Amino acid sequence: MNTAAQRSAPFAHAPTSIQNTMSTVLLALIPATLFDAWLFGWPAIVMFLTTVGSCLAAEAACLHLGKRPLQPTLFDGSAALTGWLLAMSLPPWSPWWISVIGAIFSICLAKHVFGGLGQNPFNPAMVGRIALLVSFPLQMTSFIAPRPLMSAGAPGLGESLAIIFGGHANLDGISAASALGYVKTELSRGIPVSESASHVPNLMDMAMGMHPGSFGETSALLILAGGLFLLARRVISWHIPVAVIATLFFMGSVFSAVDPGRFTSGSFQVFSGATFLGAFFIATDYVTSPVSKPGQLVFGFGVGLLTWVIRSFAGYPEGMAFAVLLMNALTPLIDHHIRPRAFGRTRKGDPLPVKGE
Amino acid sequence: MADSYSRIIKDGLWENNGVLCQMLGMCPTMAMTTSATNGLGMGLATAFVMATSNLLIAALRGYITQEVRIPVYILIIAAMVTLVDLSLNAYMHELYKVLGLFIPLIVSNCLPLGRAEVYASKEPVLPSFLDGVFMGLGFTASLTVIGACREIVGSGTLFADAHLLLGPVFSFLETRVLPADTGILVVVLPPGGFLATGLLLSLKRILDIRAGKPIRLAGAHSV
Amino acid sequence: MNGRTLYHALVLGAFCLGFGTLLATTDLLTADEIKLRQVEDLQASLGQVIPASIHDNNPVNDAIVMKNEEGKEITIYRATRGGRVTGVAYELLGSGYGGEIRLLLGVDGDGKILGVRATEHRETPGLGDKIDVAKTDWILRFTGLSLGAPPADKWKVKKDGGQFDQFSGATITPRGVVSAIRSGLEFFAAHKTQMLEVH
Amino acid sequence: MRIFPVRGGVHLEYRKELTSEKAIVALPLPKILLIPVQQHMGAPAITMVKVGDSVGKGQVVARGQGLVSAPVHAPTSGKVVEIEYITAPHPSGLPQITIVLEPDGLDQWAQLPDPIADPFAATPAAIRERVAASGIVGMGGATFPSAVKLGLGARNKLDTLLLNGAECEPYLTCDDRLMREHAEEVLDGARIMAHALGTAQIIVAIEGNKPEALASMTKAAAGFANISVATVPVQYPMGAERHLTLAVTGRETPARKLTADVGVVVHNVATAKAVHHAVRFGRPLVSRVVTVSGHAVAEAKNVEVPLGTKVADLLAFCGGLSSPPARVISGGPMMGQPLPSLEVPVVKGTSGILALTAWESNEAPAQPCIRCGNCVNVCPCGLVPVEMAAFVRNEKLENAAQIGLMDCVSCGGCSYICPSHIPLVHYFNYAKGRLNAMDRDRRKRDLVKTLVEARGARLEKQAQARKEAAAAAAAAAAAAQAANPDANRPNP
Amino acid sequence: MQDLILLIVGTALVNNVVLARFLGLCSFMGVTTKVDTAVGLGMATTFVMTVSSVLAWAVETYLLVPYGLGYLRTVTFILVIAAVVQFTESVVRKVSPSLFQTLGIYLPLITTNCAVLGIPLLNVHDKFNFIQSMLNGFGAALGFSMILAIFAGLRERLALADVPRLFMGPPIGFITASLLALAFMGFSGIHTN
Amino acid sequence: MILAIGSLTAMGAALGTVLGVAARYFAVEGNPLEAEILGLLPGSNCAQCGFVGCAGAAAALAAGEAQVTLCPPGGKAVAEKLAKKLGVSVDLSHAEDKGPQVAFINEDSCIGCLRCIKDCSTDAIVGAPKQMHTVVSEVCHGCGKCFKVCPTEAIEMRPIATTIETWHWHKPGSTLSH
Ligand SMILES: Cc1cc2nc3c(=O)[nH]c(=O)nc-3n(C[C@H](O)[C@H](O)[C@H](O)COP(=O)(O)O)c2cc1C
Ligand SMILES: Cc1cc2nc3c(=O)[nH]c(=O)nc-3n(C[C@H](O)[C@H](O)[C@H](O)COP(=O)(O)O)c2cc1C
Ligand SMILES: Cc1cc2nc3c(=O)[nH]c(=O)nc-3n(C[C@H](O)[C@H](O)[C@H](O)COP(=O)(O)O)c2cc1C
Ligand SMILES: Cc1cc2nc3c(=O)[nH]c(=O)nc-3n(C[C@H](O)[C@H](O)[C@H](O)CO)c2cc1C
Ligand code: SF4
Ligand code: SF4
Ligand code: SF4
Ligand code: SF4
Ligand code: FES
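Here the protein sequences line up with chains Z, X, Y, E, P and H, keeping their order. Residue 110 is where the first sequence starts when you use the numbering used here, and the numbers rise one by one after that. Residue 72 is where the second sequence starts when you use the numbering used here, and the numbers rise one by one after that. Residue 987 is where the third sequence starts when you use the numbering used here, and the numbers rise one by one after that. Residue -13 is where the fourth sequence starts when you use the numbering used here, and the numbers rise one by one after that. Residue 2 is where the fifth sequence starts when you use the numbering used here, and the numbers rise one by one after that. Residue 147 is where the sixth sequence starts when you use the numbering used here, and the numbers rise one by one after that.
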């Protein structure tokens, strides 16, 4: 018998696979996606499809260039998920070239130069989003107010194609700031948070999604539901999301209690922006987060803290994506230093002492 | 001898190019390549310093002892840089206004010192001088190419402001490649510097593979 | 100290001596030239905000130093014609998105703007850098305006209810520039007599 | 009884129902028996018979050598027809010395040692000797000579004999059946072992998915105050001795130490039964219970098999293969070994023969690791398999060892759970083997070095001696010349 | 006090020497294949950078400014640095041969680590006083060491990844650095508050 | 001007002094690296590397004048260790590694000339004049010296055979069984 064909135990395997995992995550995103598609209308749907399509095309192109088979990899759902999450983090009416450039950054530069699935140290979707944000701050901060499908004034399919592909949206006319962006701009001209916060949608509206923002970040409650679904299916564990949200809430609450004119409240931090999307779907990306549970807690804490720091002090209104990338960079060091305690050993790795010796 | 001169030229410009192969002088490579013009200017100034400092070091090396060699080399390089700085300021003021900011930084560029250590401290005067010239020109070429790539993708122009550096005659170089305001801004920001250099290095690798040369996969300076 | 150590000291000292001499000589030769160039530079920038037609002196040579409210020294270059001050130019600091913005403001004797230029800034290319004349002529629109025209409550960007256009997606930069110019004009109004008085 | 939590572990599909209700049946004597002289950990036994010899059942055919070894006995009476290198029941498929026995069908016992009438009055040494002479090795899979383990009492302060009835591997039910059908014998063996070890307490640990075994063992233990039965959670690999010890006693065995260092010795239930037979009847280990299972087997069974029976014969007894199996393995699916052929014998450590269909083993080509961390979560040893495998894949074996490769017990949990189907354990097995080989090489190099140095010193000494001799000779000559100045003078 | 802390945070994170100011890139690329080496170089650089910031401040304040020798700034600063480095080199060579072996040609290259010259020059440009110069030097070095360690961690992981041959080694190093710089852009604008 | 030159010269001289003193007091004697390298080499002084024994090889390695793959008896393992010690990266995938070998003396051709015994650095060969010699394979390290000197080609270098004890799993994805 050929020994090379031999393999060692085990000869049993759990019914798990990459495809299973990825499709569960996609499934969890569907409710929020459908809601947002309704909320922002046809142009958003066209934008969403363009983004996912571009990511799949980029994946196929990279596989082809690397002379690798398309078969398992293109359809394992990871590229679709990257595209999906990228679309969720873009302004809903972004023009086609935003989607395409984002896909090139996400899939080609953040994923395939490192060797493809599983090898990338940085979250591809977030690399795409940030490269776009830094390159096209205007387009990437021009959000539209909700304009539900079938409502008066909502563009039809043909008009939507023109908006996305023809560059015919007069963004100046319809754009609105996200809550975080609004508060930040107001603060920059000396208007205290306590005052500007009263002009943003109330928490209930924010949780429901009735406010301007990125395609997928608006409906906090549906994202939360998707996240809980992932938790229930054990695709993700609670460590990262809980650490992110708790840290953000804590920092917000403490600092807004100290200086309400300067800092927004904990619940504002949690319900605005991409907190839930980030905590449940983005910070939890397996590939770019630590593998051990304690490591994940540290990672989540870091994401929460950095998000708060960037939101509160830095030039950008939203910090989740940056925070995730920054903690991605720290992940190898976290993995290096925070390991589970080995059986029969101390935390430092020395054998436990024998009693009586 | 002729053979070794052609070797010096080839090494400097391509085979052992300061940026692409030795990966020295990365700081100006990143910082000064937001446009082709900047890259060119920085490269030329560096080339001048390298040529003169290599010349001086090779000429004076008999007097330099091992223990103080680094300070002496640096002293010579720094003196050359200051010389360039002062004379440009006085006599070629327009050029100085473009380059002014980054001339002092040539002192801390690893490449001149690297060549001093590796080449000028061991070889005769003329080859050392030529080594300085061609290493400098190779450096200039890399910077210009990287600058051009970043400028085209990032701002949609090529050789913008070339007339400030090279005189009004060269304003024909200034081109607009993409429509105004369509550049991908990251490319001219810090991340773009690293990205462009990384991609250029892999481009060189493709060419090397095509040419059938062995490629080096290890870290930048593994000895 | 043994001989070898002394030798190192001598070598390094000798090199320093040689190159120190070289540099000192160069400095000696170039110092005046460089000073001249700096004056020329200043002259060139002042020329942009004070039209040549209104003066017969060299404003570079007619500079007075004043203190602003915060006690910082400001150099005022004065353009005179026939012994009468026809305009002044001085530097302003505005705060933009990327940090400080340095502006040079020229004002005539009536407090009307002769010209403004951004001389140094670190605003984002494609967004805030439109204040640079090399990019757009936005900053030229200030020429001819004064504190009263437009009225004080319109000395703001449109977004804040004023009359000046902001750039789409970049409000912070123009806001900083507008408010810097306004306070520059206010500074002129407050110290007008002192500035215009002939010594 | 208090059960302590154990980190990690997986919840498997056990598929024990295939055989759990199949009572143990005896295999009729096969036509030929292949008896390898090494069926245990340690030094191989030395053959004691020649081709053509007739042997009785239970007669020693190979004797142990050295401290850690075990004798091998004839499983039945018959004639030695050959002694040669034959493929071993080992994944390498390499041959090993094997005694081929042709049963005469009489199954006649040879002269056996006398039963020990009252084992509890006998010295522990006497019991150990009997266990050693009976060729008993650990039946839980490790096949470590049991007598050596029974001697641990001399070195360590022991308080508990832990009887391992966890049987946490899927499919296998041989221990389960043994406990259900032979509870008294098992417990008697355990009591004898406890006596030999000097432990006061015996705990029988059984996973909660074997209620009948629990019931029958509890019933059998009722009369003994020092025996208790513990129900341990159904959590693979609860049967691993360190983890079982932790679960039952709360004591964590330090790395690179034995459970004996925390006062516990673990023995398998089948081992206990074998001890009972050896002590009470003088019978050596010549047969064992094997679970034959898997969906590619026509009739899954629990079979009492004479050692040396060919796997093919055993499968034939179970109705043969009903479909072409994807894998035929010896032992359980998590830690068992793939068999190189069906012509290899059942040996002392063979707890099961499984013929698995493709859907049962659910193998798939490996995909890239997505760093999901599942392997980290399930590893009962607290290791980071994903990282160890990455090191091994890049031949950085020493880095892998630094982060605990040698602590891995090869339980298979990580490979089982990996969504990318990465053969993690295979990587670890490779790395462990390679590191051991490197270690052997290093030891040899050290040996060579000392030899070279010794030789160098010797040569130098010789050279020195020669020089001294030459010098002495020269001196003598000079002295002689001085005495006789004319001797060397050229003739005028 | 708060200002000084802000100064350190600012130079370490916001205007990180490597990622935002583009200083010290040669060692950043060269000595980050292993975390331990990177930490070693980081410590050596921290020492040199802090000490030379202080010495350069002294030279500037007591020599260059009073006597109008501004044009000798580059020369004198670099001499000071060279001396500090070579002194450190001698000490390390003696005290820890293995550290010396791994840092190899980089110790002399600390001299031309632009950061070591750049930071004192920036101190002069920003008119920092003694304490500020020292803290700025220290903060910059801290940021440098931190980036070195992070980047070395990333590269250790990349060494185990299936990076295509085309990008293996230096190219992927630069691309990783690019993404790291992208992430650090999140801190930009902190000073405006 | 005088001040400029003077201060610069003074600085230079001062620094030169500091460096001179440093160079003197912190000078290192010998090469500690050499000793470490020597510890990694097999120590059989077989000279197959072309240097004067292992010490010579170590000196050459420390001076950077030799390849880490220089030592045939050490094989890949030693080359790897050396590469690690010296911080160099070598591509060992192509490095020839015949695997460990042992000498085997063919009984029929051995004339008992004693030459191999004299040359064997580990005294791995036993035998008496004019009698058949044998190799104690546990201590033979496969240097091949005996193979070279044997006048009758009675000595063969054989790869060490894999047994069940020494067998281990191949690397997944590779087709080698050992
Ligand atoms: C690589 C690439 C980058 C682009 N970048 C921009 C951009 O930064 N801003 C922009 O308005 N359009 C950008 N475009 C879109 C085209 O320039 C587009 O044709 C143009 O915006 C048309 O706009 P209009 O219909 O308003 O004339 C880009 C297109 C490509 C392919
Ligand atoms: C990368 C980046 C660069 C920016 N550069 C500038 C700038 O140069 N000037 C500016 O006023 N705002 C700049 N901004 C700020 C945003 O565009 C900010 O949202 C805007 O100034 C607020 O004005 P709005 O009310 O028009 O949205 C920048 C933002 C980003 C993300
Ligand atoms: C992962 C793992 C699982 C094990 N599972 C069992 C088991 O289920 N039953 C068992 O008796 N031994 C099992 N063992 C073996 C035990 O650790 C131990 O060697 C054995 O119980 C000792 O008894 P013995 O010497 O009588 O065989 C397992 C070992 C390992 C490493
Ligand atoms: C729970 C979970 C979260 C994920 N989050 C992301 C994400 O934020 N961004 C992304 O590009 N891919 C994400 N993926 C998909 C996949 O891991 C990603 O494409 C890899 O990073 C590509 O190597 C996620 C996958 C899972 C299972
Ligand atoms: S279980 Fe598999 S895919 Fe998940 S981290 Fe471990 S090796 Fe990687
Ligand atoms: S096989 Fe080893 S590494 Fe894998 S789970 Fe078991 S003990 Fe852990
Ligand atoms: S080849 Fe190896 S063993 Fe032989 S002398 Fe050289 S270094 Fe020593
Ligand atoms: S190969 Fe020959 S000389 Fe070398 S160790 Fe073996 S027996 Fe001795
Ligand atoms: S050029 Fe800056 S460190 Fe080399």
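These are computed hints drawn from the structure, not numbers from a lab. None of these values were measured; they are calculated from a predicted model. It is possible that some hints are incorrect.
[What the hints assert, rightly or not] Residues of chain Y clear of chain P, computed beta-carbon distances all greater than 10 angstroms:
1. Gly1006
2. Leu1009
3. Tyr1083
4. Phe1128
5. Pro1136
6. Ser1154
[Stated by the list, open to error] If you want a taste of the chain P side facing chain Y, the calculated C-beta under 10 angstroms gives, among others:
7. Tyr72
8. Leu73
9. Val76
10. Leu80
11. Gly190
Glycine included, each C-beta is placed from N, C-alpha and C at the ideal position.
Index of numbered hints that the structure contradicts, given in increasing order: 1, 2, 3
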